[in-house]
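Each protein sequence line maps, in turn, to chains A, B, C and D.
With my numbering, letter number 322 in the first sequence gets 342, and the count goes up by one each step, no holes.
With my numbering, letter number 41 in the second sequence gets 61, and the count goes up by one each step, no holes.
With my numbering, letter number 285 in the third sequence gets 305, and the count goes up by one each step, no holes.
With my numbering, letter number 201 in the fourth sequence gets 221, and the count goes up by one each step, no holes.
Incorrect hints may have been included.
Cross-link-like lysine-lysine pairs, in silico, DSS-like; alpha carbons within 27 Å at most [unchecked claim]:
1. D:132 <-> B:302
2. B:275 <-> A:130
3. C:62 <-> A:63
4. A:302 <-> C:302
5. A:208 <-> B:208
6. C:302 <-> B:208
7. D:58 <-> A:208
8. B:302 <-> D:62
9. D:62 <-> C:130
10. B:287 <-> D:63
11. C:208 <-> C:62
12. C:302 <-> D:132
Here chain C is said to cover these stretches of chain A; the calculated rule only asks that three of the stretch's residues, wherever they fall, bring their Cβ under 8 Å from a Cβ of chain C [to be verified]:
13. 99 to 113
14. 134 to 147
Chain A is nowhere near these chain D residues, computed Cβ spacing over 10 Å in every case [unchecked claim]:
15. 139
16. 145
17. 186
18. 259
By construction, these hints were calculated from the structure, which means they are not laboratory data.
Quick caveat: nothing in here was measured; it's all calculated off a predicted structure.
All residues carry an ideal CB built from backbone N, CA and C; glycine is no exception.
The primary structure of each chain is shown beneath.
Protein chains: 4
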Amino acid sequence: MAAIRAAIIGASGYSGEELIRLLIRHPAVDLKIITSRKEAGKKISAIFPRFADSPLCFTAPDVAEIAKTCDVAFLALPHGLAAEYAIPLIESGLKVIDISADFRIRSTEKYKEYYTVDHPSPELLKKAVYGLPERYREQIRKADLIACPGCYPTSIILPTAPLLAAGLVSTENIIVSSDSGVSGAGRKVDLAYIFPECNESVRAYGVVRHRHLPEIEQELAAAAGVDSLAMNFIPHLVPTNRGIFSTIILRPTAKFSAEAIAAAYEKAYGNERFVRVLEPGKLPDTKHVTLTNSCEIGYVYDDHTGNLIVCSVIDNLTKGASGQAVQDMNIRFGLEETLGLL
Amino acid sequence: MAAIRAAIIGASGYSGEELIRLLIRHPAVDLKIITSRKEAGKKISAIFPRFADSPLCFTAPDVAEIAKTCDVAFLALPHGLAAEYAIPLIESGLKVIDISADFRIRSTEKYKEYYTVDHPSPELLKKAVYGLPERYREQIRKADLIACPGCYPTSIILPTAPLLAAGLVSTENIIVSSDSGVSGAGRKVDLAYIFPECNESVRAYGVVRHRHLPEIEQELAAAAGVDSLAMNFIPHLVPTNRGIFSTIILRPTAKFSAEAIAAAYEKAYGNERFVRVLEPGKLPDTKHVTLTNSCEIGYVYDDHTGNLIVCSVIDNLTKGASGQAVQDMNIRFGLEETLGLL
Amino acid sequence: MAAIRAAIIGASGYSGEELIRLLIRHPAVDLKIITSRKEAGKKISAIFPRFADSPLCFTAPDVAEIAKTCDVAFLALPHGLAAEYAIPLIESGLKVIDISADFRIRSTEKYKEYYTVDHPSPELLKKAVYGLPERYREQIRKADLIACPGCYPTSIILPTAPLLAAGLVSTENIIVSSDSGVSGAGRKVDLAYIFPECNESVRAYGVVRHRHLPEIEQELAAAAGVDSLAMNFIPHLVPTNRGIFSTIILRPTAKFSAEAIAAAYEKAYGNERFVRVLEPGKLPDTKHVTLTNSCEIGYVYDDHTGNLIVCSVIDNLTKGASGQAVQDMNIRFGLEETLGLL
Amino acid sequence: MAAIRAAIIGASGYSGEELIRLLIRHPAVDLKIITSRKEAGKKISAIFPRFADSPLCFTAPDVAEIAKTCDVAFLALPHGLAAEYAIPLIESGLKVIDISADFRIRSTEKYKEYYTVDHPSPELLKKAVYGLPERYREQIRKADLIACPGCYPTSIILPTAPLLAAGLVSTENIIVSSDSGVSGAGRKVDLAYIFPECNESVRAYGVVRHRHLPEIEQELAAAAGVDSLAMNFIPHLVPTNRGIFSTIILRPTAKFSAEAIAAAYEKAYGNERFVRVLEPGKLPDTKHVTLTNSCEIGYVYDDHTGNLIVCSVIDNLTKGASGQAVQDMNIRFGLEETLGLL
């Protein structure tokens, strides 16, 4: 079988680095083009020395060239810019996998509310499929445009959606507190992110109206079969490079049943390779999933308050971004879903 | 004025080290005796090299000697052992400040439920005062036995109690997610705490029935003027040495009023030196309080869900243990409350 | 081609975990047996949750069973124990790759001097090949017993040996200062290694007569073609999980020639896939090689003192232990040398 | 006694923060003015929240105002700018303590060679005293301008100078490898210093011709009584906030004598409060001196190579910068040398 020819557009950040890492060793991919306006002309190893073996260079993005040369394009751009590339590339027959936020939110009103600009392409938005394979695998198989979920949303939707879908927990009073490693802020040069400001520090930020919130609410509402829901999502920054830990407090809709919870997870993830539900009483740890495409889920019922506490971990750059993008590509191109990801 | 003569009993852990640090430089204290069965006979600098200037040595605990020599004894022992020292020392006229858990919980039933042993001294328990100065200052002035609050409880009671006391938030559905640095686990030699297991790791533990829970519930119920309440407290371990970050989700009892919240905090802490409430919209960071006796509190109202999100930080070894113990001592002995703590 | 059937003996430490990680995904290996006396009977995922997909369990070591079932055995045991397994397994026709120290040092006197016990098997020692592929590839192809180099030695021999071999630097006054991450101490439960003792800490240890010294001196002397040499090797512990940084100060034998140095490295490593020599003026960083089998080398000549400063980095668990062991296996079994390692 | 009125000029970096921390609680100092062009008008707690109790604000620097109001001015400016303030302030009778590099190097040629600009004030340079109290205490007592040593130099000169002064070690072949925490790079917003680039990273930088080198060489030559010497100084960046660890390799001039070394250190530091020499065989650890003004020194003789290995630790922001500046102030103003520093 011919290799899938791939381009990464905007690859000089941490998600871009992770995509390069995964695609270089992917047995069915030929990574042809890696763009970065800022670094154009440099070898990728000049920015990411671990790729010293690769002859690849950053180039300035050239849509016509990518359209001619590639089968799939991964977009790793700041929000607002994806449409400019996605439209012509899709017209040229490529599949586009966007790891920015532009095509995740179905509602252009919500997009504007949270991103403060008009949606750059409401037409294209209609074609986009939300790239969470464990929930939208069939749609991904046929999608031209796959909107990769955000890192926090992945860590929250995976553990919560099956319980909502089974009607086991309420759509009200969902509360999520998440801790993220600093790579989640991107490769951003800002005082808040220099080492002495992050090390020996724990802080919350964006505790209301974080940009990932509408995406999480949209997907949890869909899982629950309701039009909308409102929840709290409170992110924190902790001094690790990678990893998200999400703690989710849920209210059971009826008398708690451990069997029902286990059954809902078994139904949702019994055959999934990248989601593992721990045996009751065990809790996850970010270090167990670092540099893997896995989401680990644990849960404990508190008979004291009647709440169910669900905890999940992912690597924010892998299952939370670039690994999931590769999983989507594998699905879209009919490959073994785990190819290049184990 | 004659110096207050002090003993620390059981001083070879991190709380003990912090007590030594604070008492050595306290201008009104003469640190006479530092005990540790395990390290008896060694200079304290053999265990804690930063005290190289001090001639003090660890000794085996000798109650008669302490009773004869000291005015105050700090107990930094594992739970269950405090009474053995507290009873004879109080009889000898000393003031006892216990940083273990033995005298924090008023209910011996709760103590047994959470600590799995009978309370070692229900009689003495009746005399104990909960050593949170911002709430029990007057009682501390006259106490023979001061039960220093736990680290998590301090970080949760300080930001929450004034809002409950003012009737601004409900006693139901209180949810707290806390992140603690690893020194919170004590100077414990255990696989779970070696560096490669903690670094690049975030994990939850004790998510139901943590031993600090009954203490938090007791104090929040007291603040609210109710007999009891049930809440969720979910602690996490993050890779820092020091610091606790607590995120508290509260439900306002009436239409949210920023002015009412501010007024409640102003009333509670307007004259407090060790609690600072940030201006609206600002959130705390553990690094702002490291090695200080301060608690920093920030809050944000989420009009989306109607919940109030309150965040607080303390240094778990200072305001969360030994600094608070020194603050209690200052109060009990009629000293300036901040002496040795700025 | 039939898969190579592999056993790991003593796999419950960090080197064992890294071997499991590499062998599970190695396309030409069938990992049959993983032993640990302490963890026998447990699934490997009970100890290392990231291997949740694997059905493998730890077993108690059973030499006869391993001999019958496997083609290669990796030994990841404390020093002194390797011979007990190596002798019968080699007799049964297996190839043995030992990542302990038992067969690295040619001199039984030196072994006794540094390890304080008699060498457990001087006979077998004669058969052992030092498993540094970049220097002993041809011998490794035929070896029954491969003694994998230590982590520090790998980081020091690779950058230094070619310069000694070319006569460009003196065998006298070689000074090496190395920084290692804490996983280099093993999965050891000891007060010195708990998080609060290692975080925000830098310390030296074993600054004279470290156990890796005779191995380094032996290989550098061999490279230089002299009987022996004496050097300083000063290791430090720094708060990272992985990575060794070695700084090597060398005295050129003649007027410094950048071309000669570059030529010596080009000759030694021009065709090597796992050693990369940086262009002049660039220096390595441990993060560039984390979780890879690469050694990165940079050097700067100081015309002020006339010394050549060479810096190198490896991942102590990969090129410094288990990755190198897999590279040795690939060579021994006639596979592509990089198989499973990219 | 009237309080010493102090100004800090250029206080928005980490050394500035440490100076504020030390001076605010100094019992004999009245901190009057804190300048920062960038932050002028803001409360100091807006930048450094731990100073929330202080009413002080940053102001734009106003030399006339400082001259009128203060007795001492600390300069915490980038190099090249100190003279502009020092000249008029000294003329106005203030004492100036400069923690920049401008007045440390006696030779204007060396200054130009390493800082690439002409020295801003060769006249004033002649008046400057090198502010290392353990070596220049008497001169500091009378100095108008005190040039505080750099952080690396402090960590290297203190352990090395007494051995050179006693003729016990050679001035040739001195080799120093140092590890520094990231605060040593200043509060600098640069890609190289963001958390994900520093965490899990060890790297060398400036391995030849580091700007601290001429200062170290100048002081070691002075201690040895020679005109000049040439040495290697190789700094590394490690993932801690604070702390410098220096490893110094020295060649004894005669047969090694443990007694002579101990005697030299006893003579130099027997009465010093801020330098502690460990008993033979013990080695320092940066965490033992964090947030203290102490330098801890340990040493081991290697009979294998005949080299003496000396290790030292300081807190780069305290003894390496602001703590030493306060020690200098105490000396200059006739105060107890340890005042405000214990």
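Those earlier numbered hints the structure runs against, lowest number first: Going through the list in order, the structure violates hints 1, 3, 4, 5, 6, 9, 13, 14, 18 and respects the others.
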